[in-house]
Amino acid sequence: MGVEELRALGLVFRREYVLRVISLSFIVTTLLTPMLLLLVAALPALLAAPHLLAYKRLVVACEQPRLGAQLRERLVKSSPLGRHKVDLVTDTSSQERERLEAMVRDSRIDGFLWIDRDAVASGRVTYETRTAPDFLEKEYLRGALGLEITRERLAQHGLKAGEIDSALGNVALEPRALGSLGKGVTPAGGNDTAAFFITLMTITLLEMSLLSYGIIVMRSVLEDKSSRVVELLLCAATPRALMTGKIAGVGAVSLTQVAIWGLIFALAAALGAHVTGISIIAELHIPARNLVLFGLFYLLGYLLYSSMYAALGAAFNSVDEAQNWNFILTLPLLFSGIGAWTLIERPNAATAVALSLFPPSAPVMMSMRIAAGAASGWQIAIALVLLAATIYFAVTVCSRIYRVGILMYGKKPSMREVARWLRYA
Amino acid sequence: MTALELDNVRKSYDSVVAVDDLCVTIPEGQIFGLLGPNGAGKTTTIRMMVGIIMPDTGTVRIFGEPFERRHLCEVGYLPEERGLYRKARVQDLLLYLGQLNGLTRAGALRSAQEWAERLELAQWLGRRVEELSKGMQQKVQFIAAMIHQPRFIIMDEPFAGLDPVNTANLMDILLELKRSGRTILFSTHRMDQVEKLCETICLIDRGKSVLQGRLSDLKARFGRRDVRIAYEGEGRFLADNRLVAARTERGNCVELRLAPDADAQELLRLAAANGKVTRFELIEPSLEEIFIEVVGARDGR
Numbered sequence: 010m011g012v013e014e015l016r017a018l019g020l021v022f023r024r025e026y027v028l029r030v031i032s033l034s035f036i037v038t039t040l041l042t043p044m045l046l047l048l049v050a051a052l053p054a055l056l057a058a059p060h061l062l063a064y065k066r067l068v069v070a071c072e073q074p075r076l077g078a079q080l081r082e083r084l085v086k087s088s089p090l091g092r093h094k095v096d097l098v099t100d101t102s103s104q105e106r107e108r109l110e111a112m113v114r115d116s117r118i119d120g121f122l123w124i125d126r127d128a129v130a131s132g133r134v135t136y137e138t139r140t141a142p143d144f145l146e147k148e149y150l151r152g153a154l155g156l157e158i159t160r161e162r163l164a165q166h167g168l169k170a171g172e173i174d175s176a177l178g179n180v181a182l183e184p185r186a187l188g189s190l191g192k193g194v195t196p197a198g199g200n201d202t203a204a205f206f207i208t209l210m211t212i213t214l215l216e217m218s219l220l221s222y223g224i225i226v227m228r229s230v231l232e233d234k235s236s237r238v239v240e241l242l243l244c245a246a247t248p249r250a251l252m253t254g255k256i257a258g259v260g261a262v263s264l265t266q267v268a269i270w271g272l273i274f275a276l277a278a279a280l281g282a283h284v285t286g287i288s289i290i291a292e293l294h295i296p297a298r299n300l301v302l303f304g305l306f307y308l309l310g311y312l313l314y315s316s317m318y319a320a321l322g323a324a325f326n327s328v329d330e331a332q333n334w335n336f337i338l339t340l341p342l343l344f345s346g347i348g349a350w351t352l353i354e355r356p357n358a359a360t361a362v363a364l365s366l367f368p369p370s371a372p373v374m375m376s377m378r379i380a381a382g383a384a385s386g387w388q389i390a391i392a393l394v395l396l397a398a399t400i401y402f403a404v405t406v407c408s409r410i411y412r413v414g415i416l417m418y419g420k421k422p423s424m425r426e427v428a429r430w431l432r433y434a
Numbered sequence: 070m071t072a073l074e075l076d077n078v079r080k081s082y083d084s085v086v087a088v089d090d091l092c093v094t095i096p097e098g099q100i101f102g103l104l105g106p107n108g109a110g111k112t113t114t115i116r117m118m119v120g121i122i123m124p125d126t127g128t129v130r131i132f133g134e135p136f137e138r139r140h141l142c143e144v145g146y147l148p149e150e151r152g153l154y155r156k157a158r159v160q161d162l163l164l165y166l167g168q169l170n171g172l173t174r175a176g177a178l179r180s181a182q183e184w185a186e187r188l189e190l191a192q193w194l195g196r197r198v199e200e201l202s203k204g205m206q207q208k209v210q211f212i213a214a215m216i217h218q219p220r221f222i223i224m225d226e227p228f229a230g231l232d233p234v235n236t237a238n239l240m241d242i243l244l245e246l247k248r249s250g251r252t253i254l255f256s257t258h259r260m261d262q263v264e265k266l267c268e269t270i271c272l273i274d275r276g277k278s279v280l281q282g283r284l285s286d287l288k289a290r291f292g293r294r295d296v297r298i299a300y301e302g303e304g305r306f307l308a309d310n311r312l313v314a315a316r317t318e319r320g321n322c323v324e325l326r327l328a329p330d331a332d333a334q335e336l337l338r339l340a341a342a343n344g345k346v347t348r349f350e351l352i353e354p355s356l357e358e359i360f361i362e363v364v365g366a367r368d369g370r
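Note that the protein sequences, when read in sequence, are chains A and B. In short: position in the first sequence from 1, add 9, done, that's the working numbering. In short: position in the second sequence from 1, add 69, done, that's the working numbering.
These are calculated hints, taken from the structure and not from any lab test. Don't take each hint at face value.
Only pairs whose alpha carbons sit at most 20 Å apart, straight line, appear in this in silico EDC-like list of lysine to aspartate or glutamate [as the list claims (entries may be wrong)]: (1) A/LYS420 x B/ASP232; (2) A/LYS169 x A/GLU82; (3) B/LYS156 x A/GLU232; (4) A/LYS420 x B/GLU150; (5) A/LYS421 x B/GLU150; (6) B/LYS265 x B/GLU357; (7) B/LYS203 x A/GLU232; (8) B/LYS203 x B/ASP232; (9) A/LYS421 x B/ASP83; (10) A/LYS147 x A/ASP96; (11) A/LYS420 x B/ASP83; (12) B/LYS277 x B/ASP83; (13) B/LYS247 x B/GLU74; (14) B/LYS277 x B/GLU74.
Where chain A lies over chain B, by a calculated footprint (3+ residues, C-beta under 8 Å) [said to hold, decoys possible]: (15) 115-129; (16) 136-146; (17) 149-156; (18) 168-181.
Heads up, the beta-carbon is just placed ideally off N, CA and C, and yes, glycines get one too.
Using the sequences and the hints given, assemble the complete structure.
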């Protein structure tokens, strides 16, 4: 590519980039999409907020002081958002029970746990409350009771506190695959499940962005063609500079959008960490290598799809005419989207591996398998090589279709005609 | 020096030969007419001149050198299929096209403003293209072709869709550009415009050049030796079949076809001797008549 051609490419790139980045639709989609996503994610919580955020007063009635004190401490410590206030009474007479029942009825307390003498042996504890407790509340109480009563049972068997702690210590599962497909894969640390699901959602979002920016390239080429400005442009710039400048310009717009989304996510996470004290980013623990690979697959996917969309825009006269082909182009991504959810259970199933190596679906499927920690180094390498080779082939074929198609006005071309164009160029 | 030369240029699409071993020479500093019926290969020829498509065989020479893309910054092109980005502001669009044609941003801005002044478009530079009338959009397209002050200007059907006032204005501008030393290639099937503007023409039909040369020479070659005469007096000389092959009365004048080997000057002397001659005119064939004769003869073959 000569200096003049590069200069023309730069001008086309700048026009495409500036035009789109300052457009209202870009600003709206860039800001609105994450907000909508956040809203969808947060809506149930927001609806439940008044209930979830209300303080609760509980009473633990337990005549064994050690168990009562430990249970009270556990309930306070594990209280969601620290909103439970827990009192302890050691009197378990029937008068005391009546008094507590009256307090519940008068709404002076929200409920009480009645732990009688047999509770440790029988494992039965009653929870008296005005209305039936919800799922979260039950889980919270069951968790604390289960742990403390087990501890008490172990103590009654003569174990010391330290022994009990080590007996009840957490168990970490570290999967290591030895089969040929998953060999050498080291799973991500941290909160695996949350990280995987968030990555999955992000990749789905990127997949949508891949598709929508491909379509933007197509529309942009169609605009050049249908507004008849293209012949004026072709006298001043080569088809290669026009097509490459357009693809690069629109690609830069998509990267800008992804970067802004990343920034919004980071800001939201930082804000969340400030308010709740829980850092999502630290919890997710996504390895930097994966982030680089996601970026690489996204870029390659964009190059593949945008060059095909550019050819589509050049070959036809309107979006309607290109409709059927447009649908065919979205199929691999559609399959990836569907395939991704089956991948959660069996990331190394033959179909998942094949789809992650097949270039049109590789950008999404391989990213997802990487997120699941199921893709080995050689699979990633093969996917990258296949994808790069396909891009080279697609760009060569598509730029030929572009060169000829862009000047063909009027009737919708048949497949045979498009195939013939490849020989003209 | 020649501005552009096509030497045995050929372009075919499968079995269809769009341009068939075409040779055209466009002298510098002239307005050159490229004529032909629809589908004759005019647009394909022009696209090969500006490197949008490449000939299968033959060579294109521009300013005496084999064609290279770098020459295009001295070529202005107004295509037949032309349009503008509807949503773009006029000035932004002109700056973009000017820069694509090799100008700096400042240079493009200066040139856009000068042309806009000249074409009474200056107050529209900040508007969007879609807000402009069709005539004004055509002026913008014209500026887009001229913004980089090209030496060689190619215009494919430049007057299509223009009203008579704007047509006259554009003709004036083209003549002025010619006077300033520019070469203009003007492609059309409107013969009247070619007759008004062009000195040299090339008529192509089915991809081949069928007639090429100076317009005056071609007219002389195709002249049918017709005379229009108005006189007062005795008209017996009109019956002399050594001089007159046919005659048609047209109100206050008569149109004559001279007999083979007859001399128009002798006819004039005879007319003057027999009465008072108020009009004596050798009628040239119109370009349209030549066009129909040449293309029609090929069709009839």
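Proposed proximity, A/GLU232 with B/LYS156 (alpha carbon, max 20 Å):
Holds. B/LYS156 to A/GLU232 sits at ~11 Å (cutoff 20 Å).
Holds or violated: B/LYS247 and B/GLU74, Cα atoms, limit 20 Å.
holds (19 Å)
Verify the proposed pairing of A/LYS421 with B/GLU150, using a straight-line Cα cut of 20 Å.
OK: A/LYS421 and B/GLU150 at ~17 Å, within 20 Å.
20 Å Cα cutoff - pair B/LYS277, B/ASP83
Holds, at about 18 Å.
Is it true that the CA of B/LYS203 sits at most 20 Å from the CA of B/ASP232?
With a Cα-Cα distance of about 10 Å, the restraint between B/LYS203 and B/ASP232 holds, given a limit of 20 Å.
If you look at each residue in the stretch 149-156 of chain B, do at least three have a Cβ nearer than 8 Å to any Cβ of chain A?
holds (count 6)
The stretch 168-181 of chain B covered by chain A? Criterion: 3 or more residues, Cβ-Cβ distance below 8 Å.
Contact hint for the stretch 168-181 of chain B vs chain A: holds, 4 residues under 8 Å.
Mind checking, does the stretch 115-129 of chain B have 3 or more residues with a CB under 8 Å from chain A?
Holds: 5 residues of the stretch 115-129 of chain B have a Cβ under 8 Å from chain A.
How does the stretch 136-146 of chain B fare against chain A when you require at least three residues with a CB closer than 8 Å, holds or violated?
holds (count 5)
Hint consistency between A/LYS420 and B/ASP83 [alpha-carbon to alpha-carbon, up to 20 Å]:
holds (18 Å)
For the pair supplied as a hint, A/LYS421 and B/ASP83, confirm whether the alpha-carbon distance does not exceed 20 Å.
holds (19 Å)
For B/LYS265 and B/GLU357, compute the direct alpha-carbon distance and say whether it is at most 20 Å.
This hinted pair holds, its Cα atoms lying about 13 Å apart.
Consistency note: the structure conflicts with earlier hint 1 alone.
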